[in-house]
Amino acid sequence: AQKITQTQPGMFVQEKEAVTLDCTYDTSDQSYGLFWYKQPSSGEMIFLIYQGSYDEQNATEGRYSLNFQKARKSANLVISASQLGDSAMYFCAMRLLGETGGFKTIFGAGTRLFVKA
Amino acid sequence: DTEVTQTPKHLVMGMTNKKSLKCEQHMGHRAMYWYKQKAKKPPELMFVYSYEKLSINESVPSRFSPECPNSSLLNLHLHALQPEDSALYLCASSQDDGGARGNEQFFGPGTRLTVL
Chain R
1 AQKITQTQPG MFVQEKEAVT LDCTYDTSDQ SYGLFWYKQP SSGEMIFLIY
51 QGSYDEQNAT EGRYSLNFQK ARKSANLVIS ASQLGDSAMY FCAMRLLGET
101 GGFKTIFGAG TRLFVKA
Chain E
118 DTEVTQTPKH LVMGMTNKKS LKCEQHMGHR AMYWYKQKAK KPPELMFVYS
168 YEKLSINESV PSRFSPECPN SSLLNLHLHA LQPEDSALYL CASSQDDGGA
218 RGNEQFFGPG TRLTVL
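Taken in order, these protein sequences are the chains called R and E. Residues in the first sequence are numbered consecutively from 1, following my numbering. Residues in the second sequence are numbered consecutively from 118, following my numbering.
Calculated from the model, a selection of chain E residues having no Cβ within reach of chain R, i.e. all distances over 12 Å:
#1 130
#2 132
#3 135
#4 139
#5 182
#6 185
#7 194
#8 196
#9 199
#10 201
#11 202
#12 203
Quick partial rundown of chain E residues pointing at chain R, CB under 7 Å, derived from the structure:
#13 165
#14 172
#15 173
#16 226
Everything labelled a hint here was simulated from the structure, so no lab data went into it. Keep in mind that this is a model prediction, so the values were computed, not measured. All C-beta atoms in this analysis are idealised placements derived from N, C-alpha and C, irrespective of residue type, glycine included.
Just chain E, with the same shape it has in the complex:
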């Protein structure tokens, strides 16, 4: 299994809702990532988990809360979002987080989030 899966594919939520995005990989990768991508822009890193521990938080607002229940799963909990948070949220994984060289990331198909 060489893929990263994400659910749901599309999500529409109001500013008072609480929802979660899910990401799963079964490649034995030990690093997992959340990215946010606005239309016609490159992905922006939000969080990195390495061996199930949060290793990088790129100053993301607290209305986004990541969780890594085990080495295969990564969640992103959403609460009190703003319309400007509407974007494509991409999950990725790599073999590990231990180096600049190699460690290409495998991306999921993304969740298109719309906040009304």
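For reference, chain R alone in the conformation it holds in the complex:
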């Protein structure tokens, strides 16, 4: 079954420290994309970072990096130097070929991150 699992419903981190949000996935496809999105309380989903299944290097975007371990099917998000504005819900997502032939994105349950001052 194609599935994304985020096992941390909530996480706390001290401002300026690093935090890792866990994500594991399950698919038998060879070609897929992994994404992380941030959703503040306002509701808008903000794209953070992308990792392709064939990419050998871990993706980085500013303070965000993706720790991709293909054999373990994990794609953890690392946020360095946390800021108060990082408090939000974070979703891991996977893009893959759907049953009807079109490409679709499925989301994990999300992790709520709280950054403490």
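Chain E: place on chain R using the hints.
Below, chain E without anything else, positioned relative to chain R:
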């Protein structure tokens, strides 16, 4: 212009009303999406349009009717909704629908729908 806009921001409707949600993007993206998101849950895909044609319908009830008048616009027509349809409806777009890799989606701010 790198944003997806959605109107209205909030909508309250009765079960007998007919209303429409609108979504617009001017990034030249050829794939557009509707998602439904209940409180404290991840977004659930409803529909995908690729090059103005419906490519995915995730078994959504017929009281939700999508429409893609052109490559920049996406509508969701609502009729005879139920209270359990109350949710945040998110529109998104991506460069195209042609692959698993890349193609990050850009989301609009959503429409918060309440069905009384």
